[in-house]
Every structure is written in C-alpha cells, then in structure tokens.
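S.K.: Residues per chain are reported as follows:
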Amino acid sequence: DAKTTQPPSMDCAEGRAANLPCNHSTISGNEYVYWYRQIHSQGPQYIIHGLKNNETNEMASLIITEDRKSSTLILPHATLRDTAVYYCIVRLPAITGGGNKLTFGTGTQLKVEL
Amino acid sequence: EAQVTQNPRYLITVTGKKLTVTCSQNMNHEYMSWYRQDPGLGLRQIYYSMNVEVTDKGDVPEGYKVSRKEKRNFPLILESPSPNQTSLYFCASSFETSGLNEQFFGPGTRLTVL
Numbered sequence: 001d002a003k004t005t006q007p008p009s010m011d012c013a014e015g016r017a018a019n020l021p022c023n024h025s026t027i028s029g030n031e032y033v034y035w036y037r038q039i040h041s042q043g044p045q046y047i048i049h050g051l052k053n054n055e056t057n058e059m060a061s062l063i064i065t066e067d068r069k070s071s072t073l074i075l076p077h078a079t080l081r082d083t084a085v086y087y088c089i090v091r092l093p094a095i096t097g098g099g100n101k102l103t104f105g106t107g108t109q110l111k112v113e114l
Numbered sequence: 001e002a003q004v005t006q007n008p009r010y011l012i013t014v015t016g017k018k019l020t021v022t023c024s025q026n027m028n029h030e031y032m033s034w035y036r037q038d039p040g041l042g043l044r045q046i047y048y049s050m051n052v053e054v055t056d057k058g059d060v061p062e063g064y065k066v067s068r069k070e071k072r073n074f075p076l077i078l079e080s081p082s083p084n085q086t087s088l089y090f091c092a093s094s095f096e097t098s099g100l101n102e103q104f105f106g107p108g109t110r111l112t113v114l
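Residue numbers (our numbering), protein chains in the order written: chain A, 1 to 114; chain B, 1 to 114.
Please keep in mind that the hints were generated in silico from the structure rather than gathered at the bench.
Accuracy of the hints is not assured; some may be wrong.
To be verified - Listed below are the simulated DSSO-like cross-link pairs for lysine-lysine, each with C-alpha atoms no more than 30 Å apart in a straight line:
1. B:18 <-> A:101
2. A:3 <-> A:69
3. B:69 <-> A:3
4. B:17 <-> B:71
5. B:17 <-> B:65
6. A:101 <-> B:57
7. B:18 <-> A:3
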C-alpha cells in the first residue's frame with residue numbers, strides 16, 4: 001500500500017470548515033483513498049473513501065487531486081465532537097490481492113475549539 | 001443497533017495466565033480482524049478471518065491465537081500473556097472481503113500484563 005503523509009496536528013474553530021490534507025504521491029492506479037478517525041482511544045470510525053472522483057456523504061467530503069497524489073478531507077461545519085485523530089489510508093481492494101488490512105499511520109490530531 | 005462488541009473492556013492480568021478477549025458482531029459480516037494499538041506504532045493487524053473456519057496471520061501474530069467457529073464471533077486468545085502484549089486491542093468487521101467496504105470497529109479492550 002502507498003505511504004501517506006499527514007500533518008501531525010491542526011486546529012479549527014467550531015462551525016468552520018476543517019480541511020485535512022493527505023499526501024500520497026506514490027499511489028498506484030487502483031489504490032483507493034480511505035479516511036477514518038479515532039476519538040480518544042475509542043474504536044476507529046470510517047468516514048469516507050474514493051478512487052479518483054470527489055465523494056461526499058453525510059459526514060464529510062473527499063477531494064482527490066486530478067493526479068491523485070494528494071487529497072483533502074473536508075468537514076464542512078466542524079463541532080467539538082469532531083476533535084479526533086484523522087487517518088488517511090491508501091490501499092488496494094482485497095480482490096486484487098491487497099487484503100483487507102487497514103494500515104494506520106500516525107494521522108492528524110484535529111482540535112476543534114470554541 | 002449494528003455494532004461490534006468486545007469483552008472485557010479493561011483487563012489487568014499477570015504473566016502466563018491464559019486469557020480470552022471476545023469479539024462479536026451482529027451485522028452478519030464475513031470479514032473480522034484483530035488489531036493492537038501502541039503509542040507511536042499505530043494500529044497493527046494481529047489476525048484476520050475471511051469467513052467461518054478461515055483465519056490467517058496479520059503482521060504481528062506471535063503470542064496470539066484466534067478461532068472462527070461461528071460467523072458472529074472471533075475471540076482472541078493469549079495462551080501465555082507477556083508484558084509486551086500490554087496494549088489496546090480492537091476487533092473489526094466488514095460486510096465482505098473485497099476491501100472496499102467500511103470496517104466497523106469495536107470499542108477496544110485495554111489489556112495490562114504485569
């Protein structure tokens with residue numbers, strides 16, 4: 001799976017958009033970008049994933065650059081409950097031999113403040 | 001409510017005393033997995049199971065055993081725990097083994113081996 005690089009920490013004011021970047025310059029053509037988050041030692045929680053098109057769900061939006069070498073997770077209106085470590089993961093689908101393992105790096109600690 | 005449950009949530013034990021951490025999911029998921037999380041090392045996969053009676057080693061299987069006799073349960077067994085197995089453990093499951101679907105994580109089991 002491709003290596004990812006994320007800033008170790010970010011701050012965001014409550015109610016504002018939180019934009020979390022991820023660099024994955026070695027991503028291959030069939031690797032997907034996934035985002036999970038972990039709120040203080042709780043079980044990680046899935047947020048969103050995509051291949052090359054931008055994706056949006058009820059939690060967030062995922063913007064993937066045209067060359068797919070980086071992406072941004074957007075929380076449109078961050079709240080205090082969004083304070084968590086956010087993990088960007090790049091991986092192959094299991095059916096292509098990538099297995100179903102998630103490899104978490106150190107992620108970005110997002111702190112949402114009043 | 002769809003969920004992954006783990007028991008116990010907290011456990012303090014002594015070296016060499018066999019223990020089992022249970023994991024159960026109520027979503028009829030084929031895939032289940034165990035991870036451990038240690039400071040600075042992220043989440044590392046211990047074992048995984050693609051379906052009933054099908055299990056395989058992850059990245060750090062030494063000192064652990066698993067079984068998958070029923071679809072819903074995937075217990076983690078430490079036959080002779082040692083202090084280096086002190087960690088935060090997470091069980092996860094997903095609907096299929098393609099790797100494209102989100103993984104649901106349990107709340108975690110914090111294990112201390114003295």
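S.K.: Where does the structure disagree with the numbered hints, that is, which hint numbers, in rising order?
M.R.: When the structure is compared with the hints, numbers 3 and 7 turn out to be violated.
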